[in-house]
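*Asks:* Protein chains in written order, with the working numbering: chain A, 1 to 113; chain U, 1 to 594.
For the record, the hints were derived by calculation from the structure and aren't laboratory data. Since this is a predicted model, take the numbers as computed values, not measurements. Treat the hints with care, as some may be off.
[To be verified] In silico SDA-like pairs for lysine to any residue, Cα to Cα no more than 20 Å straight-line: (1) U:Lys413 to A:Arg87; (2) U:Lys427 to A:Ser34; (3) A:Lys37 to U:His419; (4) U:Lys95 to A:Ala56; (5) U:Lys264 to U:Gln246; (6) U:Lys413 to A:Ser34; (7) A:Lys37 to U:Leu414; (8) A:Lys37 to U:Glu417; (9) A:Lys85 to A:Arg45; (10) U:Lys427 to U:Glu446; (11) A:Lys37 to A:Leu64; (12) A:Lys85 to A:Leu64; (13) U:Lys413 to A:Ile25; (14) U:Lys413 to A:Gln35; (15) U:Lys329 to U:Gly363; (16) U:Lys413 to A:Ala54; (17) A:Lys37 to U:Ala416; (18) U:Lys427 to A:Leu93; (19) A:Lys85 to U:Pro105; (20) A:Lys37 to U:Gly363; (21) U:Lys95 to A:Gln51; (22) U:Lys413 to A:Leu93; (23) A:Lys85 to A:Pro9; (24) U:Lys95 to A:Met53; (25) U:Lys413 to A:Asp23; (26) U:Lys95 to A:Arg87; (27) U:Lys95 to A:Pro9.
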Amino acid sequence: MKTIQVFDPAMCCNTGVCGPEVDPILPQVAGFLSQLKERGVLVERFNLAQQPMAFAQNLAVRALLNDEGLEALPLFYIDGVLALKGRYPDHDLRAEWICAHVKTESSKEPLQS
Amino acid sequence: MKPPEERAAWLEGAPRFLFFTGKGGVGKTSLACASAVALADTGQRVLLVGTDPASNLDELLAVKLGGAPTAIPNCERLDALNINPVEAAQAYREKIISPMRGLLPETALRSMEEQLSGACTMEIAAFDEFSRLLGERASTAGYDHVVFDTAPTGHTLRLLALPKAWTGFFAANTSGATCLGPLAGLEKQRHIYEAALASLADAASTLVVIVSRAQSASLREAARAHGELDALGIRRQVLILNGLVQPASPGDAVADAFFARQEKALLGAVRFLSILPVHRVALRPHNLLGIETLRGLLGSTQSTPPPRVQPTSIGPIGEFSAPIPLLEKIASAGRGLILTMGKGGVGKTTIAAAVALWLSEKGHRVTLSTTDPASHLSDALEGNRCALTVSRIDPAVETAAYVEQVLAEQSGKLDAESHALLEEDLKSPCTEEIAVFRAFARTVAEAQEGFVVLDTAPTGHTLLLLDASLAYHTEINRKTHSAPEEVSQLLSRLRDPNFTHVLIVTLPEATPVHEAAALQEDLRRAGIEPAAWIVNQSFHRLPLHDPLLAERAHRELPYLKEVLHLAQGPACLIDWQVFEPIGAEALLKIFSPT
Chain A
1 MKTIQVFDPA
11 MCCNTGVCGP
21 EVDPILPQVA
31 GFLSQLKERG
41 VLVERFNLAQ
51 QPMAFAQNLA
61 VRALLNDEGL
71 EALPLFYIDG
81 VLALKGRYPD
91 HDLRAEWICA
101 HVKTESSKEP
111 LQS
Chain U
1 MKPPEERAAW
11 LEGAPRFLFF
21 TGKGGVGKTS
31 LACASAVALA
41 DTGQRVLLVG
51 TDPASNLDEL
61 LAVKLGGAPT
71 AIPNCERLDA
81 LNINPVEAAQ
91 AYREKIISPM
101 RGLLPETALR
111 SMEEQLSGAC
121 TMEIAAFDEF
131 SRLLGERAST
141 AGYDHVVFDT
151 APTGHTLRLL
161 ALPKAWTGFF
171 AANTSGATCL
181 GPLAGLEKQR
191 HIYEAALASL
201 ADAASTLVVI
211 VSRAQSASLR
221 EAARAHGELD
231 ALGIRRQVLI
241 LNGLVQPASP
251 GDAVADAFFA
261 RQEKALLGAV
271 RFLSILPVHR
281 VALRPHNLLG
291 IETLRGLLGS
301 TQSTPPPRVQ
311 PTSIGPIGEF
321 SAPIPLLEKI
331 ASAGRGLILT
341 MGKGGVGKTT
351 IAAAVALWLS
361 EKGHRVTLST
371 TDPASHLSDA
381 LEGNRCALTV
391 SRIDPAVETA
401 AYVEQVLAEQ
411 SGKLDAESHA
421 LLEEDLKSPC
431 TEEIAVFRAF
441 ARTVAEAQEG
451 FVVLDTAPTG
461 HTLLLLDASL
471 AYHTEINRKT
481 HSAPEEVSQL
491 LSRLRDPNFT
501 HVLIVTLPEA
511 TPVHEAAALQ
521 EDLRRAGIEP
531 AAWIVNQSFH
541 RLPLHDPLLA
551 ERAHRELPYL
561 KEVLHLAQGP
571 ACLIDWQVFE
581 PIGAEALLKI
591 FSPT
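Next comes chain A alone, as it looks inside the complex (with noise of 0.2 Å):
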């Protein structure tokens, strides 16, 4: 995995503790992603609400959001696949990412997800 990009529908914050509660999936993918930016991943995180040009200027992501609408969100590519779509990685599908894509290497940790 070089790059992964992940467009957020409108939120106040990655974490979603700008919201009346906070859901737990929210933090944990914040986590993994910045796990996956030690690695040496090129992650790029776009939010609806402060980086709509990313959004617009994204054929495929607007060509997503004009069919589907927002329920297409969040869309997760790996090295410009879209690989997740209208929901969120668990626990599972991020450790299985990690197994696919990510070499570990010998000198560094096992990643955890």
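Place chain U on chain A using the hints.
*Replies:* Okay, now just chain U, sitting in the frame of chain A:
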């Protein structure tokens, strides 16, 4: 007592930035305007800035102000603008959304708009404007002085403290996963906040004028503001004692009492009064509206007060209701929520405390609670003998508790990394808004089992709370996982006239009445109808001979008439009290005519 000054001595050697602060209703907007006019009259180019969501600058200057400087007629070299958080947020929203029109589907635009409509956006957008004026030289390059008419004290101090908190926030934030909420791009403007902070602490560029009335609560608040400003490193301060009275004709019981109350309050604050340079400004009989009247306030020109209002032009003012039947009606349900709302300084706290006391004396279970950061509830209830619970919604305490609760709920579900990220996001300014909002909802829910009397924060902040509740209402309906019952039920409780009684409190003066009218409109937009209007501190029914006070009483008439016209339900009149309404006995007295 030293006589009031004839000119504005605090303006001698005035630096580039001047701030006026003080408890609501002390006259800081009038003094800020009069000072700006006086500076402009000496040949300086002046920008006057309102930072209050409910600013009355428009009314004082007789000009419709917006977010950009507007030239003030009849006063060369003076421009003014008003930072309205609602409009600043709107402008910010438009800046983000408009380039997306035609590119993204309508549903996406609506969702962005909804997310950018919270109280947080408003707070941050207004703060951004404020910092720009203070920290970006180019934004005020054409002016010799920038005079800020700041919002009521609690909010002002928060605003002033923000640059410090934020500069620290940027420095401490390492992962870049910030929750700076709607203005994520803010960090790019970091140098502006740093410059703003430096300006505030520099005695050569900033003077803070603390305005107080010669009343104990007002003086205590001034002393508190002085201490907090000092702690922020803002050292150059002066104090103005505004609205001082010297009895003209001895023997007028009310005027003598007014003078005695004033002298007693000054004596009680004698230590504080020795710390700062003190200036004195006399009470004026008329409302300070218009440039010429403002010039008259500081004696920069000889001006005659506006002509006396002729009784014939007013007509009969109609009937005010007695407060006791209103209270009896509220009490009959055995439970409910009573909110006192209105401009800062009109006596919301006093009325709330008196209502709570009255209900508890009738044997009801009563909680008196406040969201006002500058509250003096415990002062008002000095020596309270009733079994009455007094609580306070303290933003700092609420935030700490909320952070702890969120972290506790998530512990076990998160690895160390995610936990750290969550903890970092919880340091954002949005967290406080949410924590206070939840506390508000919780307090409202308590009124299920008794009476809750809430002395709400000044108008602007109150509206932010209500607005937040509306925004949350939308958000909650959309989310699948459930919000706490007290949050989801909040709006329907506030809208239920058998549960919630909003008492709009005002003084018989132009600005408080007009702000209260605007507040009533906002409440109606939110589906809430005020239960009653209460006109506080009226001289109208008192026997007066002192020409100054008699003139003031006379000038109440058009505003009393306006209140009767505005109130859908009963309107009650509370007389100006010969003894400051502190302590249970004096508080209960306010409901019976003097």
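*Asks:* Are the Cα atoms of Lys413 (chain U) and Ile25 (chain A) separated by 20 Å or less?
*Replies:* OK: Lys413 (chain U) and Ile25 (chain A) at ~9 Å, within 20 Å.
*Asks:* With a cut-off of 20 Å on the C-alpha distance, tell me whether Lys37 (chain A) and Ala416 (chain U) pass.
*Replies:* holds, 16 Å
*Asks:* Please verify whether Lys85 (chain A) and Pro105 (chain U) have alpha carbons no more than 20 Å apart.
*Replies:* holds, 18 Å
*Asks:* For the pair supplied as a hint, Lys413 (chain U) and Asp23 (chain A), is the alpha-carbon distance within the 20 Å limit?
*Replies:* With Cα atoms ~11 Å apart, Lys413 (chain U) and Asp23 (chain A) stay inside 20 Å; holds.
*Asks:* Given the hinted pair Lys427 (chain U) and Leu93 (chain A), is their Cα-Cα distance within 20 Å?
*Replies:* Not satisfied, since the Cα-Cα distance of roughly 30 Å exceeds 20 Å.
*Asks:* What's the verdict on Lys85 (chain A) and Leu64 (chain A), does the C-alpha distance respect the 20 Å limit or exceed it?
*Replies:* holds, 10 Å
*Asks:* Given the hint that Lys37 (chain A) pairs with Gly363 (chain U), test it: the Cα-Cα distance must not exceed 20 Å.
*Replies:* violated, 63 Å
*Asks:* Taken at face value, is the distance from the CA of Ser34 (chain A) to the CA of Lys427 (chain U) at most 20 Å?
*Replies:* At roughly 18 Å apart (the allowed maximum being 20 Å), Ser34 (chain A) and Lys427 (chain U) satisfy the hint.
*Asks:* Mind checking the alpha carbons of Lys413 (chain U) and Leu93 (chain A) for me, to see if they're no more than 20 Å apart?
*Replies:* holds, 16 Å
*Asks:* Assess, step by step, whether the Cα of Lys264 (chain U) is no farther than 20 Å from the Cα of Gln246 (chain U), and give holds or violated.
*Replies:* Status holds; Cα separation ~14 Å.
*Asks:* Has the given pair, Lys329 (chain U) with Gly363 (chain U), been kept, meaning a C-alpha gap of at most 20 Å?
*Replies:* The hint holds at about 15 Å.
*Asks:* Taken at face value, is the distance from the CA of Arg45 (chain A) to the CA of Lys85 (chain A) at most 20 Å?
*Replies:* Answer holds: Lys85 (chain A) to Arg45 (chain A) is near 15 Å, not above 20 Å.
Violated hints for the displayed structure, listed by number in ascending order: 10, 11, 16, 18, 20 and 26.
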